[in-house]
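Q: Take 27 as the starting number for the sequence shown in our numbering and just add one per residue.
These aren't lab readings, by the way, just hints derived from the structure by calculation. One should not assume that every hint holds.
[Stated by the list, open to error] Heads up, simulated DSS-like pairs for lysine-lysine below, C-alpha to C-alpha not over 27 Å straight-line:
1. Lys-176 to Lys-296
2. Lys-646 to Lys-342
3. Lys-595 to Lys-349
4. Lys-359 to Lys-604
5. Lys-152 to Lys-595
[Claimed, not checked] Label pairs and their computed distance ranges (CB to CB):
6. Thr-169 to Thr-579: 25 to 35 Å
7. His-276 to His-157: 21 to 31 Å
8. Arg-580 to Lys-496: 31 to 41 Å
9. Glu-103 to Ile-645: 37 to 47 Å
10. Asn-599 to Glu-318: 26 to 36 Å
For each residue, glycine too, the CB sits at the ideal point set by N, CA and C.
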Amino acid sequence: MKLFGGKKQMTVPTHRHESTSKTRVSNSAAGQQSATATKTIIHTTAQLQDGQDDKQDVVANEINRDDAQSLEDAVEERQQLEQQVDQLNEQYGTARGHLRSKLLTEKDLLRAQSRHVNRLYEVASKQRNAHFETFGKLQAKRTALLAKIKQDDTHRQELQQSCAKHERTLRMLQAQLDTVKKERQSLSDQEHTLIGAINTQSNLTDMMSVINDKRQQITAINAQDHDLKLTLNGLTTSANQEQAAIDDLHHQIEAATQQAADNQHIINLKQQVETLTTQLSDQQTQLSQDDEKLGELRSQKNVLSQSFDELADRMKFYFNSTKVIDTYNFDPKRHYVLYSNTLLPLGELNGEFSLQRIDQLFDNTRTKYDILTTDFNRELGSIWSTYQSQGILRHAHDLINPYLAMQHDGRHQSHQTDIVLPLDQAQEWQVEEGTREQPEKIKSKTGSQVVTLQYRTDRSLSSVMYYQDKQLYKMAIYDSQNVLLATQYADPHDATKAASEIYYRPDHSVALEKVYFPDHVVVQSTEDAKIVEHAFDSEASFYEWWLISHALTRSQDSLIIGTEAPFFKQLLNDCARKFELVPLISSTADESLIDAIIADDSPINNVLVSNEQVHQSLIKRLNRDMHIQVVDPTGMVAPKPKEKKVKTRIYIPKVG
Numbered sequence: 027m028k029l030f031g032g033k034k035q036m037t038v039p040t041h042r043h044e045s046t047s048k049t050r051v052s053n054s055a056a057g058q059q060s061a062t063a064t065k066t067i068i069h070t071t072a073q074l075q076d077g078q079d080d081k082q083d084v085v086a087n088e089i090n091r092d093d094a095q096s097l098e099d100a101v102e103e104r105q106q107l108e109q110q111v112d113q114l115n116e117q118y119g120t121a122r123g124h125l126r127s128k129l130l131t132e133k134d135l136l137r138a139q140s141r142h143v144n145r146l147y148e149v150a151s152k153q154r155n156a157h158f159e160t161f162g163k164l165q166a167k168r169t170a171l172l173a174k175i176k177q178d179d180t181h182r183q184e185l186q187q188s189c190a191k192h193e194r195t196l197r198m199l200q201a202q203l204d205t206v207k208k209e210r211q212s213l214s215d216q217e218h219t220l221i222g223a224i225n226t227q228s229n230l231t232d233m234m235s236v237i238n239d240k241r242q243q244i245t246a247i248n249a250q251d252h253d254l255k256l257t258l259n260g261l262t263t264s265a266n267q268e269q270a271a272i273d274d275l276h277h278q279i280e281a282a283t284q285q286a287a288d289n290q291h292i293i294n295l296k297q298q299v300e301t302l303t304t305q306l307s308d309q310q311t312q313l314s315q316d317d318e319k320l321g322e323l324r325s326q327k328n329v330l331s332q333s334f335d336e337l338a339d340r341m342k343f344y345f346n347s348t349k350v351i352d353t354y355n356f357d358p359k360r361h362y363v364l365y366s367n368t369l370l371p372l373g374e375l376n377g378e379f380s381l382q383r384i385d386q387l388f389d390n391t392r393t394k395y396d397i398l399t400t401d402f403n404r405e406l407g408s409i410w411s412t413y414q415s416q417g418i419l420r421h422a423h424d425l426i427n428p429y430l431a432m433q434h435d436g437r438h439q440s441h442q443t444d445i446v447l448p449l450d451q452a453q454e455w456q457v458e459e460g461t462r463e464q465p466e467k468i469k470s471k472t473g474s475q476v477v478t479l480q481y482r483t484d485r486s487l488s489s490v491m492y493y494q495d496k497q498l499y500k501m502a503i504y505d506s507q508n509v510l511l512a513t514q515y516a517d518p519h520d521a522t523k524a525a526s527e528i529y530y531r532p533d534h535s536v537a538l539e540k541v542y543f544p545d546h547v548v549v550q551s552t553e554d555a556k557i558v559e560h561a562f563d564s565e566a567s568f569y570e571w572w573l574i575s576h577a578l579t580r581s582q583d584s585l586i587i588g589t590e591a592p593f594f595k596q597l598l599n600d601c602a603r604k605f606e607l608v609p610l611i612s613s614t615a616d617e618s619l620i621d622a623i624i625a626d627d628s629p630i631n632n633v634l635v636s637n638e639q640v641h642q643s644l645i646k647r648l649n650r651d652m653h654i655q656v657v658d659p660t661g662m663v664a665p666k667p668k669e670k671k672v673k674t675r676i677y678i679p680k681v682g
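Could you put together the complete structure from these sequences and hints?
A: Printed below as a string of structure tokens:
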């Protein structure tokens, strides 16, 4: 698309141009008749007089020459304008490309910031919910404590009211007892009076009648006294019960009163209430702060949403779409890291060496990158040195590897020449010198134990293999400075498989241990004090953790990694990583993975694809804007190296 019109072929017009600036007649007669002569030539020449034919021809020839010159000038001016238009179109195309790239970059930054704000908002929301839940629990606990204190006060008041009621009943019973006692005393006095009267009676006849009468009175008095005695006993029993109840209530009241006044439990309850009140106040303040933080994050989300809308309007204005595909360009401000599980020696490289293809993408940039490998390889350092000396990867700067990281302190140690093998000195050992075909051997006197030593060409020890009854059970691996790197223990049931592996630091402390099970591997990283620091149920999990926590810890880091890597999906979904993930897609067969990469909420903004076929397949499925770079658009591959420089195999030899 061009802003201005392109070049067009101009044809000579059928009429002649008139120019007041160019039309000049040499004689005065022609000058006076120039306007009339021009009209005459155009409209009719039959009206000219015979005496004026020669003058008219001179004027016509002069006008023809002027028109030709005007046409020449117009064509030249038109060509200059077309050149200017072409230059402007070229500048417009360049500016349009830069604008597209800047708009996409701005959108990528907005998407990254939006994801960050959304994560913060989600974390803040969860934190606010947790704080509100804590607030609810504290409030419920405080309410329960207040209810407990109120219940205790109510119980104490009920005891006091019950005690007062029993005391009133007791006083009534005691009054009744006093009345009954007085009545019994009165009856007793009457009985004694009647008995005295009987004893003092002198007349026998009268005496018998009086005595009978007195006796009847005494019987009635005794019956009444008996009733009063029963009543007295009942009142006494009731009084005793009331007194016991009163005594018990007094005891409870005293206990409740003492508990309310001096009991440490009540004091603790009140202190807990005060503490909970303070905590509730603090929690309320925390909730207010959470709400304020959520409000700020909502404002940021609204600002970002508005920025997205404004950016969408600009993209619609300039490109008639909110979805634009642009070429991915390396940013010199970023630290790029290229993942490869291992480095092959030069002798094993082929014409389709993928690292070289990606290295060519950095040709027109001022950017360097590092190589990151995860496989253990005793010769990795020498292979990397060969890569650098041979210029295999011209833009590669450094090599990153977890096992090399364990040995980084070893580079500063003095050269180690002597190795003490863990052999029982009490036994007699025989040494058999090796040849080019056979390694050096150390045998016990009985021949049941054999140790095999393998050396490099520079006579540095490569590995030591330990056999028991012709069965391999352990292999120790050394670097070129004779420093022990790792020990592999063979499976006792199958010597071709490893049962476990131990990797060491330069000070011989254990850095990493792998234990192999039939269906999985357990990896443990340890500290210097042999304390387990982290445990993983697979090597992929260990490598993922090491990448995030040790290798790439900055937001400026960008990891270029193939989607077929065993831990790519974990990295894609891991919110803990700070570095940018740049997938290298070689196939779109895994539709679910591709959908996860190109989804609207995906953290992926930049993608490398292996070839144009994958590129077109990805574009057909793409529903949003993205930066895409084709690694090998023409299908060309890097040439094979001419010479073999390293013959050592890169993989650690497994036991067997």
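Q: Taking 27 Å as the top limit, are the C-alpha atoms of Lys-176 and Lys-296 close enough?
A: Holds: Lys-176 and Lys-296 sit about 11 Å apart, inside 27 Å.
Q: Tell me if the straight-line CA distance from Lys-152 to Lys-595 falls inside 27 Å.
A: Holds, at roughly 26 Å.
Q: Given the hinted pair Lys-359 and Lys-604, is their Cα-Cα distance within 27 Å?
A: 16 Å, holds
Q: Is Lys-595 close enough to Lys-349, meaning Cα to Cα at most 27 Å?
A: 26 Å, holds
Q: Mind checking the hinted window 25 to 35 Å against the Cβ distance between Thr-169 and Thr-579?
A: With a Cβ separation near 48 Å, Thr-169 and Thr-579 fall outside 25 to 35 Å, so the hint is violated.
Q: Is it true that the C-beta distance of His-276 to His-157 lies inside 21 to 31 Å, as the hint says?
A: 49 Å, violated
Q: With respect to the beta-carbon atoms only, verify the hint that Glu-103 and Ile-645 lie 37 to 47 Å apart.
A: Distance hint for Glu-103, Ile-645 holds at roughly 44 Å.
Q: Return holds or violated for the Cβ distance of Arg-580 and Lys-496 against the range 31 to 41 Å.
A: 53 Å, violated
Q: Hint check: Lys-646 vs Lys-342, CA-CA at most 27 Å. Holds or violated?
A: 21 Å, holds
Q: Could one say that the CB atoms of Asn-599 and Glu-318 fall in the range 26 to 36 Å?
A: Given range 26 to 36 Å: holds, Cβ gap about 31 Å.
In summary, the numbered hints that this structure violates are 6, 7, 8.
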